[in-house]
Amino acid sequence: MDLLDTTAAVMTPERVRFRYRLAGPGRRAVAWLIDALLRLIVVVGVMTVVVLLSIIPGVGAVGQGLFLVVLFISEWVYGVFFETVLGGRTPGKLLLSLRVVREDGSPGRFTDYLLRNLVRAVDYLPGFFAIGLTSMLFDRRLRRVGDLVGGTVVVVEERDSVRDRAEIQPPVSEEERVALPARVDLSREELSVIELFLRRRKRLSDDRAEELAWLFGPALSERTGVTAPTWERVLALAYARAVGKDR
Amino acid sequence: MNPNLCRVALRPRDPFEVFDLTFRFVRERLRPLLRLTAVVLLPPALLLTLLAWWFDGAWWLLFPTLAMGPILQAPFTLAGGRLLFGDDVAVGQVLVETLKRSVGLLGLWSAQGLGWAAVMAIGLASEPIAAISIAVAAMATAPVAGLLTTFVGEAVLLERVGLARAFRRSGRLMAGTGGSAIAATSSRWFLLVWLALASESSGQAILDFVLQLGVPFGSLMNGDVTPFLLAGMLLAQPAAALYRLLLYVDARTRGEGWDLQVSLRALGLQ
Chain A
4 MDLLDTTAAV MTPERVRFRY RLAGPGRRAV AWLIDALLRL IVVVGVMTVV
54 VLLSIIPGVG AVGQGLFLVV LFISEWVYGV FFETVLGGRT PGKLLLSLRV
104 VREDGSPGRF TDYLLRNLVR AVDYLPGFFA IGLTSMLFDR RLRRVGDLVG
154 GTVVVVEERD SVRDRAEIQP PVSEEERVAL PARVDLSREE LSVIELFLRR
204 RKRLSDDRAE ELAWLFGPAL SERTGVTAPT WERVLALAYA RAVGKDR
Chain B
-4 MNPNLCRVAL RPRDPFEVFD LTFRFVRERL RPLLRLTAVV LLPPALLLTL
46 LAWWFDGAWW LLFPTLAMGP ILQAPFTLAG GRLLFGDDVA VGQVLVETLK
96 RSVGLLGLWS AQGLGWAAVM AIGLASEPIA AISIAVAAMA TAPVAGLLTT
146 FVGEAVLLER VGLARAFRRS GRLMAGTGGS AIAATSSRWF LLVWLALASE
196 SSGQAILDFV LQLGVPFGSL MNGDVTPFLL AGMLLAQPAA ALYRLLLYVD
246 ARTRGEGWDL QVSLRALGLQ
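Each protein sequence line maps, in turn, to chains A and B. Numbered as in the working numbering, the first sequence ends at 250 without a single skipped number. Numbered as in the working numbering, the second sequence ends at 265 without a single skipped number.
This is chain A alone, in the form it adopts within the complex (with noise of 0.2 Å):
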């Protein structure tokens, strides 16, 4: 059974399946409106130098064609050069971390930038990206409409770090070193998870690691021999000398 998630599954044509994290309208919004914004700095310079220009005759309305020409650029053909020049990324997807894909994973090109840019202006009918989010909230992988025609979807750029260690509070004494078996083997699903739950260990009240650490720890002793007051020192010990922090 597939959990309801934010993800969409790729298969390469060399059969390799792989994941990439969906971007729908939370984070989408804000990077139109950091986008807008620049926009808006953009045009208000503009007509500020038109302003100016105005004072000098015959000049003015060099001034407002100037003006309407920065306008047109800037809702038409600041996202497909953006996505163009930075593979699939305008100012304000870059600063959200994200990309424009073509559905299958790879890189956009010029053509399905331009089709899903000309056809924002469907997305925004009647007003307040209705149709964009009507799309959205019935396409699974919460597509536009220029999306859907551009053959593309934009995703979040994976770049998770670890902020928090895996630390064993406190430190494997030289008793309990002692008293460890030789060797403690952990599949590598089991050190991943009993490395997740070390790490967000500070967040958790002690009753309620001791209460996690219990689901796991008996069949884990149980296997390894590993003894401890607590399951959750259990779990702590087992994994320090299966990766050799117990020294």
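Note that these hints are calculated values from the structure, not bench results. In this text, all values refer to a predicted model and were calculated from it rather than measured experimentally. We put the beta carbon where it would ideally sit given N, CA and C, even for glycine.
With the Cβ distance kept under 7 Å, some of the chain B side facing chain A (calculated, not the full set): (1) A4; (2) G252; (3) L259.
Cβ-Cβ distance ranges computed for the label pairs, FRET-style: (4) A:G228 - B:W184: 53 to 61 Å; (5) B:A4 - A:R206: 13 to 21 Å; (6) B:L264 - A:A39: 45 to 53 Å.
Based on these hints, arrange chain B on the given structure of chain A.
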């Protein structure tokens, strides 16, 4: 709630990702949610439409709509809680359960309702400018009040605890995930404003441009409160309730290690 049976992938998420997950959740559980929406939101929507027509789109209609919000959210919180573990819920059962469990929330709702009534009374007695100022002040202070009571509803409805204990639970969950609490409170207002405006523009576009009927209910642009605006405000209630429910799940995943519980249990059973 038994996280081992949860049909939503459990892992710590940021509030934006939870918002995206809400979209997926609604899409996957659309039928039961639509049934509940029809039963819970249609009667107040019809009543408000009638009132909007009767009182020529008077602006004070916004206040009863806002005051109804927490009450309308309760069945969606409960149904959402059930839909985390299954594909379907019976609407009747959800409503009965909501009635039973929301007794604990009556005090909180009464206080909120009285607050809105007071704001409305002061607003009605004053000039429109003063009324708008009061509304803005209320909207500015409501998030602070909202922060203090973020997950109280979830604690009462889903954990079946009393109001006093629910406040403590909410405070404890908020302590570990301040970002979620802020997101839950601000999103309620964001969704309310956005859905109201989107509904207003969509409704007017259909009536005026597609059906060529003009603006029989008036228009927000002319200062009228239209049925479309009120319908959008009503639709924001289930959206806000489901988003807050998933933030609550996220808060418990972070604070109580729900994802760890699922993984460690699976290892223990191997």
